[in-house]
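S.K.: The primary structure of each chain is shown beneath.
There are 2 protein chains.
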Amino acid sequence: MSFTIEAADKQTQARAGIFKTAHGIFHTPAFMPVATKGTVKTVSVEELETMGTEVIIANALHLHIRPGEDHLARTGGLHKFMCWNKPIFTDSGGFQIIRKNFNIRITDSGLNFKDFISGAHRLYTPELCMEVQKAIGSDIAMLLDDCPRHDAKKRKLVEAIERTIGWAKRGIEHGRGLGIPHIFVIVQGGTELDLRQWCAEALQNFKPDGYAIGGLSIGESKEAMMKILELSVPHLPQEKPRYLMGVGSSKELLNAIALGIDIFDSAFPTQLARHGTLFSSSGRYNLKGLAGKKENVPLDENCDCEVCVKYSRAYIHHLLKEKEMLGMRLASIHNLYFILNLVRKARSAILNGTFNSFKKEMEERLA
Amino acid sequence: MSFTIEAADKQTQARAGIFKTAHGIFHTPAFMPVATKGTVKTVSVEELETMGTEVIIANALHLHIRPGEDHLARTGGLHKFMCWNKPIFTDSGGFQIIRKNFNIRITDSGLNFKDFISGAHRLYTPELCMEVQKAIGSDIAMLLDDCPRHDAKKRKLVEAIERTIGWAKRGIEHGRGLGIPHIFVIVQGGTELDLRQWCAEALQNFKPDGYAIGGLSIGESKEAMMKILELSVPHLPQEKPRYLMGVGSSKELLNAIALGIDIFDSAFPTQLARHGTLFSSSGRYNLKGLAGKKENVPLDENCDCEVCVKYSRAYIHHLLKEKEMLGMRLASIHNLYFILNLVRKARSAILNGTFNSFKKEMEERLA
Chain A
1 MSFTIEAADK
11 QTQARAGIFK
21 TAHGIFHTPA
31 FMPVATKGTV
41 KTVSVEELET
51 MGTEVIIANA
61 LHLHIRPGED
71 HLARTGGLHK
81 FMCWNKPIFT
91 DSGGFQIIRK
101 NFNIRITDSG
111 LNFKDFISGA
121 HRLYTPELCM
131 EVQKAIGSDI
141 AMLLDDCPRH
151 DAKKRKLVEA
161 IERTIGWAKR
171 GIEHGRGLGI
181 PHIFVIVQGG
191 TELDLRQWCA
201 EALQNFKPDG
211 YAIGGLSIGE
221 SKEAMMKILE
231 LSVPHLPQEK
241 PRYLMGVGSS
251 KELLNAIALG
261 IDIFDSAFPT
271 QLARHGTLFS
281 SSGRYNLKGL
291 AGKKENVPLD
301 ENCDCEVCVK
311 YSRAYIHHLL
321 KEKEMLGMRL
331 ASIHNLYFIL
341 NLVRKARSAI
351 LNGTFNSFKK
361 EMEERLA
Chain B
1 MSFTIEAADK
11 QTQARAGIFK
21 TAHGIFHTPA
31 FMPVATKGTV
41 KTVSVEELET
51 MGTEVIIANA
61 LHLHIRPGED
71 HLARTGGLHK
81 FMCWNKPIFT
91 DSGGFQIIRK
101 NFNIRITDSG
111 LNFKDFISGA
121 HRLYTPELCM
131 EVQKAIGSDI
141 AMLLDDCPRH
151 DAKKRKLVEA
161 IERTIGWAKR
171 GIEHGRGLGI
181 PHIFVIVQGG
191 TELDLRQWCA
201 EALQNFKPDG
211 YAIGGLSIGE
221 SKEAMMKILE
231 LSVPHLPQEK
241 PRYLMGVGSS
251 KELLNAIALG
261 IDIFDSAFPT
271 QLARHGTLFS
281 SSGRYNLKGL
291 AGKKENVPLD
301 ENCDCEVCVK
311 YSRAYIHHLL
321 KEKEMLGMRL
331 ASIHNLYFIL
341 NLVRKARSAI
351 LNGTFNSFKK
361 EMEERLA
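Protein sequences, first through last, are from chains A and B. Mapping to our numbering: the first sequence position 314 is 314, numbers consecutive. Mapping to our numbering: the second sequence position 330 is 330, numbers consecutive.
In short, the hints are calculated from the structure, not lab data. One should not assume that every hint holds.
With a straight-line Cα cutoff of 20 Å, these simulated EDC-like cross-link-like pairs (lysine to aspartate or glutamate) come out [unchecked claim]:
| hint | chain 1 | residue 1 | chain 2 | residue 2 |
| --- | --- | --- | --- | --- |
| 1 | B | Lys10 | B | Glu306 |
| 2 | A | Lys80 | B | Glu306 |
| 3 | B | Lys310 | A | Glu49 |
| 4 | B | Lys114 | A | Glu49 |
| 5 | B | Lys169 | B | Glu201 |
| 6 | A | Lys86 | A | Glu54 |
Here's a subset of chain B near chain A, in silico, CB distances under 7 Å, partners left out [claimed, not checked]:
| hint | residue |
| --- | --- |
| 7 | Thr36 |
| 8 | Thr42 |
| 9 | Pro67 |
| 10 | His71 |
| 11 | Thr75 |
| 12 | Phe81 |
| 13 | Leu123 |
| 14 | Lys310 |
| 15 | Tyr315 |
| 16 | His318 |
| 17 | Glu322 |
| 18 | Lys323 |
| 19 | Glu324 |
| 20 | Met325 |
Since the model is a prediction, treat every value here as computed from it, not as a measurement. The C-beta atom is built at its ideal place from N, Cα and C for all residues, glycine as well.
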């Protein structure tokens with residue numbers, strides 16, 4: 001078994017675990033910085049290591065388009081390409097269905113779209129999706145899913161689930177044949193409990209190595225998201241890892257950990273950072289408009305990240321105002337560290353049996 | 001004396017020296033990465049240190065506008081602001097006269113312009129220029145100069161020299177009173193030998209700590225630049241450091257070192273890098289169009305910079321294509337290292353008495 005649960009919280013559904021891969025282990029709850037195209041925006045792999053990152057996630061569809069799986073296969077995969085020796089997850093590309101720039105048309109065969117670089121027509125099938133992730137050398141691959149928009153009607157949600165199940169069957173057979181080390185299914189179903197339950201149960205038949213929860217945090221209300229999570233997570237097998245896709249704010253992370261989620265990813269911390277919004281132990285703030293933005297203090301006085309021990313808020317404010325890349329980089333390092341550290345503290349609290357009080361304390365402080 | 005000449009080449013005018021400041025020494029010939037607004041674009045101070053940077057240059061006029069000298073004086077100067085503990089040069093702002101975005105009108109009082117951030121009218125005098133550099137905590141300040149365009153008529157060049165001399169008198173008196181550690185004059189005169197000679201001799205009366213050569217590498221031909229350098233450098237005092245402003249390509253650096261130049265600065269290596277043009281031991285190339293751009297080899301197989309020992313050309317090509325900031329950063333680190341290393345090798349060659357053959361070998365290789 002790759003995934004071992006070390007401790008389960010008594011007052012909540014939170015658990016602490018370890019996931020083993022050929023590129024080393026990572027501890028759960030885990031937060032994954034997003035390296036869509038083979039780099040976490042503005043940040044180097046050394047900086048990721050310094051902040052204690054154990055696992056990152058890249059995107060198979062993006063890497064399929066550029067640099068292409070042939071290139072990655074020939075040169076030794078993504079780990080070698082980007083010089084990252086720790087575990088790599090890859091998302092399948094199903095999420096890109098709701099991204100306008102891809103302009104994807106779905107058929108039962110797969111995703112049809114025009115390559116926005118070469119202009120060529122492309123068909124991205126569940127099988128090809130696995131081949132790409134094999135070439136990438138992904139430690140944990142996602143099966144291709146059909147991700148409907150958050151406001152999709154029930155008929156559309158049903159259709160997406162049927163397709164996701166059909167694609168999962170084709171994908172996992174192909175992926176197992178290719179020898180991909182770990183394959184996760186992606187559960188769809190919007191905010192409808194019966195659909196989530198049906199999708200989760202159907203996908204269990206394929207004996208995946210883990211369960212990603214897709215189609216959330218894509219425009220529905222946070223209350224609706226937390227509600228469906230609370231109701232649907234119990235329908236996932238206890239012993240398998242659960243990965244909530246696209247969630248990266250402090251409050252939702254803590255709430256989702258309490259509901260039994262093990263793994264997270266989100267571009268949110270780095271996106272915010274590039275626009276000058278910083279995480280801090282007393283809540284989020286935008287540096288550009290902050291009173292005291294020119295003070296000779298760190299971004300967060302309680303933070304020990306490599307940025308806060310060295311640089312002042314005044315300097316980073318200056319860099320952001322001048323649109324200097326170093327500003328976006330320092331802000332990104334701080335925000336990523338903040339979230340990674342929050343998740344590490346949550347893990348310690350689960351192991352110590354103090355998760356619930358830790359969560360309450362954090363919620364008050366970060367409110 | 002802050003500046004000591006350790007060795008003079010026998011076949012050329014090249015010399016090797018040491019310059020002492022309160023923030024440590026730097027060796028000459030020296031190349032200074034450009035940190036106009038308090039950061040070398042895309043690069044951190046740790047990265048500058050790793051590549052062996054001994055001295056950088058910032059811009060007084062830019063820092064006057066933002067974050068402002070009051071802020072820098074209050075918080076301990078630029079060294080502390082940007083976390084750089086080694087020597088800092090500051091250019092005065094005279095060069096910005098030929099930059100259209102500043103839209104500067106010159107009077108004998110100083111530079112008149114509209115602050116493009118606040119919209120306020122500003123008068124930047126030779127005295128204020130020194131006050132700004134004092135607040136910055138500059139180790140080596142430049143006097144305000146009147147820098148005419150490369151195609152200026154002789155009458156305009158004469159007027160600019162007269163103003164530069166008048167401003168130098170006002171500036172150096174004020175700067176000495178403020179206790180600025182080292183003050184350099186800037187010699188103007190376009191490509192006219194009689195004017196360069198007149199300006200250099202007039203500025204010697206102020207007993208500056210060094211001589212910057214301004215008004216070159218601003219649009220005139222390279223031949224015209226090298227010719228006027230060859231003829232005018234002998235009119236500068238032997239014992240004082242000579243700083244050629246704005247030159248940063250391999251060939252011109254080597255030629256200018258041979259003519260007795262000690263110090264250089266240029267944004268050229270980082271500008272080129274951001275557009276995908278890389279320096280290498282067999283000449284310059286643009287990575288985007290290169291055959292073999294996707295090869296699993298370093299940017300330069302003979303380079304031992306922190307980028308070349310780790311990352312492939314294929315990865316950096318991918319990052320530049322995807323407009324990922326990490327690509328511009330890795331390319332900038334490599335280009336800066338390449339130039340710093342070339343200048344370090346030139347220095348060793350001067351000390352070993354082999355500069356002329358080193359120069360010839362480099363010129364053949366880099367052609």
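S.K.: Would you mind marking each hint as holding or not holding in the structure?
M.R.: Here's how the hints hold up against the structure:
1. B:Lys10 to B:Glu306: violated (35 Å)
2. A:Lys80 to B:Glu306: Distance of about 16 Å is within 20 Å: holds.
3. B:Lys310 to A:Glu49: Cα-Cα ~15 Å, so holds.
4. B:Lys114 to A:Glu49: Not satisfied, since the Cα-Cα distance of roughly 45 Å exceeds 20 Å.
5. B:Lys169 to B:Glu201: holds (13 Å)
6. A:Lys86 to A:Glu54: Within the cut-off at roughly 6 Å; holds.
7. Thr36: violated (9 Å)
8. Thr42: holds (5 Å)
9. Pro67: Holds. Min distance 5 Å.
10. His71: holds (6 Å)
11. Thr75: Cβ of B:Thr75 sits 5 Å from chain A, so the hint holds.
12. Phe81: Cβ of B:Phe81 sits 5 Å from chain A, so the hint holds.
13. Leu123: Where the cut-off is 7 Å and the nearest Cβ of chain A is about 23 Å from B:Leu123, the hint is violated.
14. Lys310: holds (6 Å)
15. Tyr315: holds (5 Å)
16. His318: Given a least distance of 5 Å, the restraint on B:His318 holds.
17. Glu322: holds (5 Å)
18. Lys323: violated (10 Å)
19. Glu324: holds (5 Å)
20. Met325: Holds, about 5 Å.
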